[in-house]
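Chemist: Single-letter residue listing:
Protein chains: 2
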Amino acid sequence: MNSTLPQHIAGYGDVTPFQGSAAYLDRPIPPRVAAPTRRSTPHGSKQRSSLQAAIEACHPFDGMTVSFHHHLRVGDSVVMQTIELLAQMGIKDIRLAASSLTSAHEGLVPYLQNGTVTRIWTSGVRSGLGEAISAGQLATPVVIHSHGGRARAITTGELTIDLAVIAAASADEQGNCTGTVGPSAFGSIGYAQVDAQYARQTIVVSDTIVPYPCVPVSIPQTQIDHVVKVDAIGDVRKIASGSTRITKSPVDLLLARRVADVLHASQAMTPGFNFQLGSGGASLAVAKFLRPYLRDEQLKGGFLLGGIVAEAVALKQEGFFDAIVDVQSFDSAVATSMAEDPHHLEISADTYANPFNGGCMTDLVDICVLSALEVDTDFNVNVITGSQGVIMAASGGHSDTAFGAKLTVVVCPSFRGRVPTLVERVTTCVTPGEDIDLLVTERGICVNPRRPELEARLKAAHLPVVDIHTLKAKVDKLLGVPAPQRFNDRIVGVVQYRDGSVIDVIRQRRGA
Amino acid sequence: MNSTLPQHIAGYGDVTPFQGSAAYLDRPIPPRVAAPTRRSTPHGSKQRSSLQAAIEACHPFDGMTVSFHHHLRVGDSVVMQTIELLAQMGIKDIRLAASSLTSAHEGLVPYLQNGTVTRIWTSGVRSGLGEAISAGQLATPVVIHSHGGRARAITTGELTIDLAVIAAASADEQGNCTGTVGPSAFGSIGYAQVDAQYARQTIVVSDTIVPYPCVPVSIPQTQIDHVVKVDAIGDVRKIASGSTRITKSPVDLLLARRVADVLHASQAMTPGFNFQLGSGGASLAVAKFLRPYLRDEQLKGGFLLGGIVAEAVALKQEGFFDAIVDVQSFDSAVATSMAEDPHHLEISADTYANPFNGGCMTDLVDICVLSALEVDTDFNVNVITGSQGVIMAASGGHSDTAFGAKLTVVVCPSFRGRVPTLVERVTTCVTPGEDIDLLVTERGICVNPRRPELEARLKAAHLPVVDIHTLKAKVDKLLGVPAPQRFNDRIVGVVQYRDGSVIDVIRQRRGA
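In order, the protein sequences belong to chains E and G. The first sequence runs 1 to 512 under my numbering. The second sequence runs 1 to 512 under my numbering.
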């Protein structure tokens, strides 16, 4: 974490430094921007013969911002189809605004190198693309935002989208579309709901054009300009993989079980409690170990929020929760529940976590369990860079839900492959320690000193509570203190907090 | 119809004269305004102890605009509850922006007289309130808009709402709400969806607060500031009454049957045709007589649009239409279908008929059947004033759907109670004759000269086609030509066309 932030970052602009996660509550809320003007002709057709024809109808230009959602995750093929076409058309200096990027987007690297894409706003970057950006191959710093922060940036006009290309599982000729039904059903299309409303032009891309009207209407025709049938939007079988698949690792399963014990001892599971599980190894697996506690205490929760896994659907169907509130489905199998269960709600990223509206869902969460790449002794969390300083993961809803939840638990092993997870200072701060209440590791549970009552409860339950500095010393003794990372001055990434302030920057690795 | 409009109207402003229903297609679309900034506190409560407490929390002020929906129609009690409270608080010069007003709102008259309400924007005004306004008791001219025109006015900022008070059949503590479930279920809440998005402050009023979350979410919590439980929002049994009840009048039933014959002969009922029936005597009854034709020809339509009656639900359930698209339910019994049938879609007034978006539903209608108070020999239609010039009905979606539909049929008896319906010049023009294709009366069917091919088809089917001037002469011979109405110069109403131009004005009756 950078103790001092620059006042200005080339390729980004002036920096508003992070001043605490609740600081926005005391400041004026910035005004929303107007949704763009659209026009249509009675009985006109929106269908275009190809994605190329649709893009041409939008008159692409150098410097434009093109947005995408990442509901297809590793299975997505629409980002690459679009950027390849734009590159063929000779468009340069594109700002790519994707709700997140995965290993499916490694193919972007050559387009960074040749100036097709010079700016990226995203929640996450992974694999070869992360390595390329960390090595300075993007002309400007990548802007990392949370899911709520992205909705904020779009609705307040900080991030203006010229063209949204929206992958849908089904669409009709007028552009009504959804992710919940069709051969490539992927569930919620919540991120794209914000883009559709605010983008100057919109293209819906689907492998399945259904007779009018497409039901359910996840995005309405009033927000869509062009509709294209393509051979494929990607491979939805790949959605439940990596960080969205429930782990089989014995350590992670042990951690998940311990989190369930901790939640029980914390007394935070009260009737109607709202619950969110973040992506990543152990945290999603908690769903599995919660069941016996809920059953034994005849407890029924309110809603399950977040990236939704099949296990969450099972908990709801077994009656342990009243509702599922779904901005993103972490398993294509979840789509069926959304299509059939009226209490499995599809929500937009705005409703999910935008701090600047009449009440987002993360602000109603009672308990959340989140993962971490690194945690430091101030409980700050890094979920974006690896120990070598390479961008490799995603901010996601981590800071959004950590702020809103009454109890925020971070779960991770104390080290991974002989590299400590618990460090003196996180390489990159994404979520501030003030919003983390508990750190659960295999070697002990650390309680944020801000929550003494929690510490007392866990100790009363004979859970292995340990001071975070003590635990760090133990880990260091085991592994040795890692050599400090060495960075150049060049900033390759800017980490925005959800309110638009800058919480950290990512610098180019020395030697890269 | 006024041949010349004033350039400026006191209490209204400068007049943009109507220049044809398609004129807007050649003009720049005005920009949308931004939705207002809202703020919320994590885990904060939106519940207020009473409607008065909620209104006080909104800091009401003289000159404010307060909006309401009219889904409860004659059964509504929320408008009166609110205005009475505002009057008790001493608030003056209110602009009342209701999607429509009915006989439930006669009680407003004293508030017009004492300056509590000095301006009204609405689609319709009826009974004692219409008489009072026609007699000049409102300080400024009432502005009559169509349903699509209201959405346009709100989304473009012509009509800025300070406070929307939204009656809901169910709501949760965070403001998620719906009209489709609960003891007072009234179906679609589509008009209020626009208000909730654009009003500076919003109050949801319901007799039923349900455990979180309220499902379905017709209006999301992100747009709601305050929630109030009240004893009653009104009496939903009264929704299906007056112009929204299917007639039992023999003449109207004869007319409805004739319309079905005409639609068949017109060859406009092609597979997948989209269909809208307007409110009022004969038009709604057409649903009944369409069935044999659809059955015999094994025809299946696309969607049924509009104010939805129980008969429309029956047609859908019997498989004659693929979908129902519902901005307003004309019978509380319709709510069940909306709650249970995914192909019974709830849409906002913006999606229904706003000409200024990416594609409204009325622009996709193939056939619509509408009623009329008066029709003139240029096919202009009056649906707002009676033959005595008194405001007594509503613009509704009449001009919206007449413009969008490929075939627009107006059905009415040639006279009512010895007062001719077919006149030389309508008292007030709401829908221009250029958008009316056919007039169906008990004495013959008149075809707009713009549609010679239609005339040929009806004649080939041996239907009683008659020139509109010939028919008028017949009616005049029977009843005598009515004495011309006499008006003062004072303008008591301004009739906006859907694009915001002024198509007519209503003047104070002489002697009133």
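Derived by calculation from the structure, the hints in this document are not laboratory data. Quick caveat, the model's predicted, so the values are computed rather than measured. All C-beta atoms, glycine included, are put in the ideal place defined by N, C-alpha and C. A portion of the hints provided could be inaccurate.
What the hints assert, rightly or not - A partial selection of chain G residues facing chain E, derived with a Cβ cut-off under 8 angstroms:
#1 Met392
#2 Gly480
#3 Pro482
Claimed, not checked - Part of the chain E face toward chain G, derived, beta carbon under 10 angstroms:
#4 Arg39
#5 Ala339
#6 Ser348
#7 Ala460
#8 Leu463
Chemist: Decide, hint by hint, whether the structure agrees.
Modeler: Against the structure, the hints come out as follows:
no.	hint	result
1	Met392	violated, 30 angstroms
2	Gly480	violated, 41 angstroms
3	Pro482	violated, 36 angstroms
4	Arg39	holds, 5 angstroms
5	Ala339	holds, 8 angstroms
6	Ser348	holds, 8 angstroms
7	Ala460	violated, 25 angstroms
8	Leu463	violated, 26 angstroms
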